[in-house]
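Chains as they are written, first to last, in full-length UniProt numbering: chain U, 1 to 462; chain G, 1 to 462; chain B, 1 to 523; chain E, 1 to 523.
Just so you know, these hints were derived from the structure itself, not from any lab.
Hints are supplied without guarantee of correctness; some may be wrong.
[To be verified] Every beta carbon over 12 Å from chain E, so not counted as near; a handful from chain G, in silico:
| id | residue |
| --- | --- |
| 1 | Lys17 |
| 2 | Met46 |
| 3 | Asp130 |
| 4 | Ser226 |
| 5 | Glu239 |
[What the hints assert, rightly or not] Some chain G residues close to chain B (C-beta under 7 Å, calculated; not the full set):
| id | residue |
| --- | --- |
| 6 | Pro37 |
| 7 | Gly113 |
| 8 | Ala126 |
| 9 | Lys203 |
Built from N, CA and C at the ideal position, the CB exists for glycine as well.
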Amino acid sequence: MKNKVHPYIPNMVPEVKEDMLKEIGVPSVMELYSCIPEELHLKNEMNIPKALTEYELRRHIEGLLNKNVSADEYINFLGAGCWQHFVPAVCDEVNQRSEFLTAYAGEPYEDHGRYQALFEYQSLLAELVDMDVVNVPTFDWGQAAATSLRMAARLTGRKKILLASTVAPERMKIIVNYGSPELDFDFVDFEKDTGLLDMKDLKAKISDETAAIYFENPSYLGFIESQGAEISEVARENEALLVVGVDPISLGVLAPPSQYGADIVCGDLQPLGMHMNYSGGQAGFIATRDEEKFINEYPSRLFGIVPTVKEGEYGFGDVAYDRTSFALREKGKESVGTQTALWGITAGVYLSLLGPNGMYELGQAIMQNSQYAVKQLNKLPGVKGSRLTSPFFKEFIIDFNDTGLSVETINKKLLDQKIFGGKDLSKEFPEYGQSALYCVTEVHTKDDIDHLITSLQEIVTN
Amino acid sequence: MKNKVHPYIPNMVPEVKEDMLKEIGVPSVMELYSCIPEELHLKNEMNIPKALTEYELRRHIEGLLNKNVSADEYINFLGAGCWQHFVPAVCDEVNQRSEFLTAYAGEPYEDHGRYQALFEYQSLLAELVDMDVVNVPTFDWGQAAATSLRMAARLTGRKKILLASTVAPERMKIIVNYGSPELDFDFVDFEKDTGLLDMKDLKAKISDETAAIYFENPSYLGFIESQGAEISEVARENEALLVVGVDPISLGVLAPPSQYGADIVCGDLQPLGMHMNYSGGQAGFIATRDEEKFINEYPSRLFGIVPTVKEGEYGFGDVAYDRTSFALREKGKESVGTQTALWGITAGVYLSLLGPNGMYELGQAIMQNSQYAVKQLNKLPGVKGSRLTSPFFKEFIIDFNDTGLSVETINKKLLDQKIFGGKDLSKEFPEYGQSALYCVTEVHTKDDIDHLITSLQEIVTN
Amino acid sequence: MERIQRKNKVRDFHQAKWNEPIIFELHQKGERGVDIPLSDQAVAAEVGNGVSAIPEGMLRKEKPNLPEIGQARVLRHYVRLSQETLGSDFNVEIGQGTCTMKYIPKINELLVRNPKIMELHPLQDESTVQGMLEIIYNLDVCMREISGMDHFSFQPSGGTQALFAMASIARKYHESRGEAEQRNEIITTIFSHPSQAATAAVKGFKVITLHPDEEGFPDIEKLKAAVSERTAGFVVANPEDTGIYNPRIKEFTDIVHQAGGLCYYDQANANGLLGITRAREAGFDMCFFNLHKTFAAPHMCGGPATGALGVVEELKEFLPAPIVEFDGEKYYLNEDLPQSIGKVRAFHGVAQTVLRSYAWIRALGPDGLKEVAQTAVLNNNYLYSKIQKIRGASAPYVKGQRLEQVRYSWEQMAQETGVTTEDVQRRMTDFGLHYWTSHHPYIVPQPFTLEPTESYSKADLDEYIAALEQISEEAYENPEIVQDAPYNSTIHKLDEQDFLDHPEKWCITWRAYQKKTKQPERI
Amino acid sequence: MERIQRKNKVRDFHQAKWNEPIIFELHQKGERGVDIPLSDQAVAAEVGNGVSAIPEGMLRKEKPNLPEIGQARVLRHYVRLSQETLGSDFNVEIGQGTCTMKYIPKINELLVRNPKIMELHPLQDESTVQGMLEIIYNLDVCMREISGMDHFSFQPSGGTQALFAMASIARKYHESRGEAEQRNEIITTIFSHPSQAATAAVKGFKVITLHPDEEGFPDIEKLKAAVSERTAGFVVANPEDTGIYNPRIKEFTDIVHQAGGLCYYDQANANGLLGITRAREAGFDMCFFNLHKTFAAPHMCGGPATGALGVVEELKEFLPAPIVEFDGEKYYLNEDLPQSIGKVRAFHGVAQTVLRSYAWIRALGPDGLKEVAQTAVLNNNYLYSKIQKIRGASAPYVKGQRLEQVRYSWEQMAQETGVTTEDVQRRMTDFGLHYWTSHHPYIVPQPFTLEPTESYSKADLDEYIAALEQISEEAYENPEIVQDAPYNSTIHKLDEQDFLDHPEKWCITWRAYQKKTKQPERI
Ligand SMILES: Cc1ncc(COP(=O)(O)O)c(C=O)c1O
Ligand SMILES: Cc1ncc(COP(=O)(O)O)c(C=O)c1O
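In isolation and in its complexed conformation, chain U is listed as follows (with noise of 0.2 Å):
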C-alpha cells in the first residue's frame, strides 16, 4: 500500500501535493532533489522492514520488552552509579506532561513555565548543595565532573587535575576523554582498608602547578570521605580549587561539600527522581558560588529571574548569554547543547516533594537499611559484609575473599533466587579480590534484605 497516506504525514495526500508543488513550480518532489548529483542518490530500498500498524508495533516492542526482567521485578542491589531510588508519582506526571515533554529551545515568552520550571530547580538544588549558582543540567556526573575541572584549570590558569583514585572508574573514562589533551590528570593513592584519601599522597602531589583536586562524596566504593576539611585546607595552601562529586540525595544527612572548602560541587540527579532506565536517567549539575568568574567560565545556560514591563509579574532569562558556544562557537567555554533539561525539572519537583524533612528521613532510612545489611552479612560464614571499615552511606563492598567462591558465581546464583547481586570489583578493584559493590536504599524492605542474606546463606554454605 505504498501510497496510503501514513498518519504521521499529513501531506502525503495527493492533492495537497498537488496544490503545493503548483505553489512552488515543480512538478514533482524528487525535482526538489534535483541539487543532489545523481551518483549520490541511493539506488536500492533501504533494507528496513516494512511497516508497521500502531498495534502491531506495540505488539513487537512489549513482545521484546517481555525479554526483559526488571529491577522491580527482581530485587536489585546494583548502584554503582545508577541507583533504584523511590520514585515518587508527581515526579513522573509531570515530566510525563506532554507540554514539557515536546518543548524545546522557545523564548521567555512561550516557554515561560519551562524557564520558572529550571530557575527552581536551580534554586532548589543550590539550597541542597548550599551554594548561589547551579546551572541546567549537563549530560551526567561524569561530564559535570569534566567540565568542572576544565573550569578550575581555566580559573587558576593550570592544566594539573589530582583525581582521587576511588573516582568512579566509568566517571574517570569520561573525565579523561573530556579533559584530554587540555588537562594533565594525575592520581592520589587512597588507604586500603578506608577508602580514605591519602593525604601524604596527596600533600606529595600537589604543586603550584595544580588546577583542582577532585574526589566524590560518598565514594563509587560507598564510604563517606570524612577528611573534607584537611583536603580543602591542601587545596587552599597551593591555591588550587577544591572540586567535589557527590550523591545528592546524600545531602540530607551529609554535609555539602560547599560546607567543607569545595569551591565547585558537581554529581548526579538521576537518584532525586528519575527512574533509572537502563540508564537513560542520568543527569550532572554544576553549583558554585555567585563570582563573576565562577558564573564566566560555566559552559551551560543559567537562567536568571527578571522582572518585565507589567509590575508583579517574574520573568526569566539567560545569564551572561555570552560566554556560551551558542554565541561564541569555538571561542566560547567548551560547548553546550541538548542536554537533560527535562530531569533537571524532574529534580526540582523531587526537592520541593521531599522539603528538608523528607530529604533527612531518606537519609537516614538509607543509612538504617544499608548498615543492617551490613550488619547481617557479617554473621556469614566467610563474608566481610563491609570489606571497608570507614561509614559509609548507601554502598559497601562485600568481601566475598573468604567463601572461595566468586564474585561471578555468587552473582548467578543469585539471579535464580531473584537479585541482581551487586556490581562484580575484580577487575575495576583488584587489590579487594573477589569483592563486590552493593547498594541499599530506602526501596529496600526488610524482606528484601533478608531474602538476600538468606540466599547468600545458602550459596556460601553450599
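Here the structure of chain U is known, so what remains is to put chains G, B and E with the ligands in place on it, guided by the hints.
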C-alpha cells in the same frame, strides 16, 4: 506518628490549625462536631490498616495486581458485552490529561474545552449512527437501552415493551430493573438456527399498547439481524417506536439502525477507545432525530453550540436544561448525575482518529478475522465453528456438543494454553447445550487464532 | 536587582484560549489519524473481503461522514481543549460544594494504568483475577468499618445509580413482604440531592419532600406527618446541602422504621464524618458513598465513577449481583443473591475507581481518615467565618453547626447592586477559580455552595476568599464589571438568547448546526 | 441559529497565565509533599538511628533550606507551569529551524513508560536485558542502512556530545598513527551548528571556519586553501543551516581525505535525506543523527537525548564502549574496543530515546522514511515560496536548492520599519506560535530559520504564514504593535536592563535573589 502532617492534608499543621480555630472562635476541631449527639460518635478506632507511604502502597497494590493475568498476556476470546479492541495511544493520552481527568461540572467558561470535546463527541457519534442528536454519555448500554425504552413509553404514552429474547441477559436485567414497575416487558422468540427474530411471534405479540420493540444488532449472540426493515415496518404499523441497540464499532461496515427505521438507537461506547478495565470501560449512548418531542424526553445532558458576545467564538451550553432532574428533581425526566463523560470524550478522539476509512477497514478486518476463525474451527472434529447460520460480525457461538466435552472443561484446558476461551452459554442459552460465545477482533493475529485452533484440536482429540 | 513587587490580592490570570475550530472543520480528505491492524494476507486469502458476508440491506452504503485528520492534528486539537478545561489539579476547587473536590493522588493514577487492571476482561476465570477480587473485597471491608454496614456492592456507577439501586432494593424488599403496592411513597428533603427524589420517581414511587424548619433543620414534625403505611422509605443526606447536620437523625430513622419504611442514607459526600459517626448508629439500613467524592477518585469530566452501596445483613440478598466474597482461600464472585434486584450496571462496575479508593484509604489509614474529616470541617468553618464578613454575603439558617459545606447567599448583594450569583460565577473564572451556584430549586436565594475539603491549605482558602471579596467590592462599585464577565476565560459571555431552548435554534451536533445554518452537511 | 462567523486570519489566542509564585514562596512550615518509606522498626532496633555513623564534621548541621509544601500544591504549581510552556504537541512548531520539530508519536511514549525499560539497571546481567539489547541492536542495523556506516554507538546523549565523540575519535585516530601533535586543526563552516566548532576546540583542536561563497555554498577554493598536513578533520552539516545542499560534497571529502584528515558529517538533522542520499556515498567516515530530531524522540525541554554516532568499519575500535553486538544467539555488550576513546557518557546512553526511534522507524518502514524526507522537503519549499512574497522578507543566496529548512531575513523590513527579528519573535507568541531567530553569528542579517518537517499539514503552514504576513503588515503600518509585543503570552516583555549580564544584578537562584534584594535568606 499520629501527628505527622499527611501529604494530602496540608492544614494538619498545628500552627495553621490554631490560627484557623482562632478565626472561627472555637478551641478545638472536635468542638465543631458538637452538633453530632454524643451517642452517635464512633467510640472505637476503625479497624483499617495503618497508613502506608506512597512507596509501600505501590508495592502493596502492584503485589495484588501481579496476581492477575491480563488479556494482553494471554490470548483472549471473551466478549459478551465487553470487548478487546485496539486502543490508539492518543486516546489514552487525551483521557489521562490531568485537566480532563480531574474536571467535573464546570461552567461553559472555565470548562470550554470539556464542553467542546463533548459536543464534538455527540457530533461524531451522530455521524456514525446517522442521527442528529446524541446525548452526553450515560452509564452503559443496558441503562441506555432502559432509558431509550422509557423515553419511548413516554413518547407513545404506552407501557408495553417487546424485547427480542436474544438481548444480552445481563442487559436484560438492567433493562427490567430500570423499567419496572413502570413498564411491562414481553419477550419475542427467535429462530434457533439463525438467531433472527421470529417475525410471526412479533406480529402476534405487538398491539396498540406496545410502546416499543427492542432488539440488538449485531446481537449478543453475534449474528447480524437482517430483518431490520421488516421489524421497523411492524413497529410503524402499530405506531410503536423501534429502539435498536448497536455495537458502534460495527458501523463502519454495517448499516446504522436509523437507516432501517430505528427511532432511537443506543449502545455501548466501550469498543471505541476504552480499555476493558474489568468492565470499567462501559459507557452508554442514546441517539435520536432532532425533534422537540424526542429532545424533551432525554434525561441526559445535551450540549449545544451557541455564539458568545465576541465574534468568532464558539460557546456551548445545556440544551433544554429544564427537562432534567437537576432542574426539576422528581418532575424531571428520570434522573441524571455523574455518568461516563470521559469515555464520551475518548470515543470522540477515537472516531476523529479512525475517520471513515479507518472505521471501514476496522469492520472489514474484524469480519475477516472472525470468519477465518470459524472456518478453521469447522475443521475440528465435533466442533461447529458457528452454531448459527446467519452472518455474524465479531462474535459467534461455537458448538462443542459433539465433542462430548463441557465448555467448562474446555476453558480450563485452554487456560493452560494461555487462552481465555469464550463465554460459556450453557446457562444463559441452554437450548444450545455446551456452546460458547467467542469474540474475534482486529487484535487477533492469524497466529493467535491458529494457536486457538491447535489448542482446541489437542483438547477435542485427546 | 530590585525586588519584583507582587501586590495583587487576586490572581493575574488568563486561561488558555486556542479558539479551536470544531473537529469537523479540520477535515482534509485523505489524511489519516491512525492505521488499524488489517487482517493477515493469508486470512484474507482464505475468507475474501469479509464484508461480502453482510446480508442484503445491512451493508452500510456510504461511509460515515467523519472527518479525516492526521494524528498530530487530532492530538493537538484535544490537548488544546484540555488546557481549556479547569481540572481540579489546576485550581482551588472549593467552589463546587456538595461535590467534595479533593486532591486526586497521582500514585493512584499510576496504579490504574497498570495493564493488569486495564486489560482485564470481566468474565475472566476467577483464578486469573484474584488480585482484582482481593482489592474489591478489601475495599468492601474498609467500607464496612467506615459505615457500619455489612456488605457492599460497587456495581452502581455513580451516586445517582446507587440511589436508584437503593430505591430498587426498597421496592423489592416491600415486594418480598407483600407490601409493594401499598408502600409507594419515598420521603426525602428539599436540601438533599435532586437524584434522591428523581431516582425514587424512576422506581415508581411517589416522592414526598420535606422542607426545613426556620433554622434549616429537617423538620421532625413534618416527617411525623408524612409517614404512614404507604411509606416505603426515607432517603436523606446528613449534613444536607446546607452543611447543617441534623442532630435528631436517629429519631428520624426510628420514626420511619416504626412506620415500616426503610431508611437509606445519601453519603455521597461523607467527608466530614469519616471516623466520627456512621450510618449504622444513625439507624440507616443502607447507604452509599461516592468514591469519586469522599474517596478521592477523579471526577473525569463527569464519570465513570462509583456509588459504593452498603446494606445491613438483612438486605444483603437484595444487592445487585455478583458481590465479591472470600472463602478463606480464594476470592470469588457470589451470584447467589436470591432476592437480588438484578443488575444496575454491566458486570462489576468501574474497577479503576475501586482500586483508587482502596489505595487512598490505605494511604491514609484510620487516623488519616479521621484527619480528613476534621480538617474538612475545620476548613469549612474557617471559610464560613470569613465569608459572612463579606459585604452582601450571608449564610442563612442557624448559626454555626456546619460540617463540610455551607450554602451561602448573595441575596443582599443582588438586591443592593443587581449583581446575581450567576454573575459572580462568571467573574470568578477571571481569577482562575471555579464557582458553582447550587442545586435547584433556589430555596436559598442567590445561592452558592462552597466545600473546601481537607485538600486545600489556608493560603488556598484565603485566595478564594480574596476573590469573593474583590467581586463584592466590584459589585458595589461598578457592577458591570461583574455582569459582563468573564474577560480572562477561554471564551466570553455566552450570547444565549434562546439558542439552547428553542427547537429551531438548538444544535446538539455539528450536523444539526450545519443544517440549521444551511451549510452542506457532508464534509 | 445563525452561523458563528470566524473570520480571523490569525488565531485569537491567549496562553495560559497563572502568575505563579516561585516555589519557595509556597513554603508553609510543617507541610509535607510526600512521605518516604522509613526503615522497618526491627531494622532501626538493630542499627539505631543510622546517621550517628556519620563521621565528625560530615553530618549536615542544618537541614537544607527547602520549602515545605503539600503534595497537591506542588503538583498544582508544576502543572500550571507546564501549561505555560508551548510544547510542540500544542503548536505548529516550524519556527525552530534546524531543530526538526516533528510529531512525537504517543504510542512511543506509552512504550517507554513500560517498567521493563524504566526499571532496568544498566549493569544487569545480559541475560536479563536481552529485549533491551535487541532493541538497541535493531536500531543500529536500521541506522547502518540509513547512513551507510558500519557501526553505531548510542552512548552520546545529544548532538553536541556526538560531535565531541567524533572529535575525540579524530584525535585518537591520528594519535594511533603518531600524528596527534601534527594534526591539530579541524575545519568547519560558518553555517554549521556552533557545537561543531565548539567541541573541536574542547578536544584541543584549532578551528578553521570556512565562509560561503556568494550563492551560499561552502567554498571549495577556501577548503583547498585550508587543508594541509595539520588537518585532522573536516566537519560539516549538509544541508547547512541555510537549507542549501552542497552538491560538491564528495569533492570536499575527497580533498580532506587526500590531505589525511577524517570527514565527519553532522546529520543531527537528516530529515530531508532519509532514503535519498547517505553519508557513506558522500565520502564521510563518521556521522551522527540526533534521535531527538530526525527520529522523533521528544525534545524534553532540552534533553535527555541521543546523538547516534556511526562510523565506518575502520573506526569501529575507536567507538566509546560498550557497543551492542549479536553472536547469532544472544545480544551482548562488547567492551573490547582496543582504541576506544573511553566514554562520553555513563553506561549505555539514553535507552528510552533509542526505543522511541526504533519504534518510529518501524512505524514508517523504508517507504515511510522516504516519504518523511520528501514531504519535509515539499513543505519547506512551499513555505519558501510563500515567505518570499511577504513584504520585507527574503531568503538570501541562491534561488531554490533548499531542502528541509531555509534561513530567511527581515533585513529589508528592519531597515524600512525598525522592526527586528527579535520583535517578530515576541509577536509570534501572541498567535500561539513559536519562532526562533537563528544561530549566531547573524551572517544573514535579521535572520529567522524555519523548518516545517513532514509533520505539518498545508493548513498548518498556511496558519504560520498568515501570522508572518500579519506581522509584516503591522510592522509597516504600526511598528509599535510588534515592538511592544507580546500581549497574549504568559508574561509581557522582559525588562532586561542589565539584570542578566551584570554580576551584581543577575540572580541565578532564589537564594541569590533574596540576598541581592536584601530579603531573609532562610524561608
Ligand atoms: C449528596 C449527593 N448525593 C448524590 C449525588 C449524585 O451523585 P452522582 O453525581 O455520582 O450521580 C451527589 C453528587 O452530585 C451528591 O453530592
Ligand atoms: C545541525 C545540528 N548540529 C548539532 C546540533 C546539536 O545537537 P544537540 O542540541 O543535541 O546538542 C543541532 C541541534 O541543535 C543541529 O541542528
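Double-check Ala126 of chain G for me: the hint is only fine if its C-beta lies closer than 7 Å to a C-beta in chain B. holds, 4 Å
Verify that the Cβ of Met46 of chain G lies farther than 12 Å from every Cβ atom of chain E, and report whether the claim holds or is violated. holds, 20 Å
Have a go at the Lys203 of chain G hint: is there a Cβ in chain B nearer than 7 Å to its own Cβ? Where the cut-off is 7 Å and the nearest Cβ of chain B is about 20 Å from Lys203 of chain G, the hint is violated.
Cut-off 7 Å, beta-carbon criterion: hint that Pro37 of chain G touches chain B: Nearest chain B Cβ about 5 Å off; hint holds.
Status of Lys17 of chain G, Cβ more than 12 Å from any chain E Cβ: At roughly 10 Å from the nearest Cβ of chain E, Lys17 of chain G sits no farther out than 12 Å, so the non-interface label is violated.
Would Ser226 of chain G pass as off the interface with chain E, using Cβ distances and a cut of 12 Å? holds, 38 Å
Mind verifying the non-interface call on Asp130 of chain G? Its CB should be farther than 12 Å from each CB in chain E. Holds, since 21 Å exceeds 12 Å.
Taking the closest Cβ pair, is Gly113 of chain G under 7 Å from chain B? Nearest chain B Cβ about 3 Å off; hint holds.
Does the claim that Glu239 of chain G lies outside the interface with chain E hold up, using a Cβ gap greater than 12 Å? holds, 31 Å
This entry does not satisfy hints 1, 9, going by the numbered hints stated previously.
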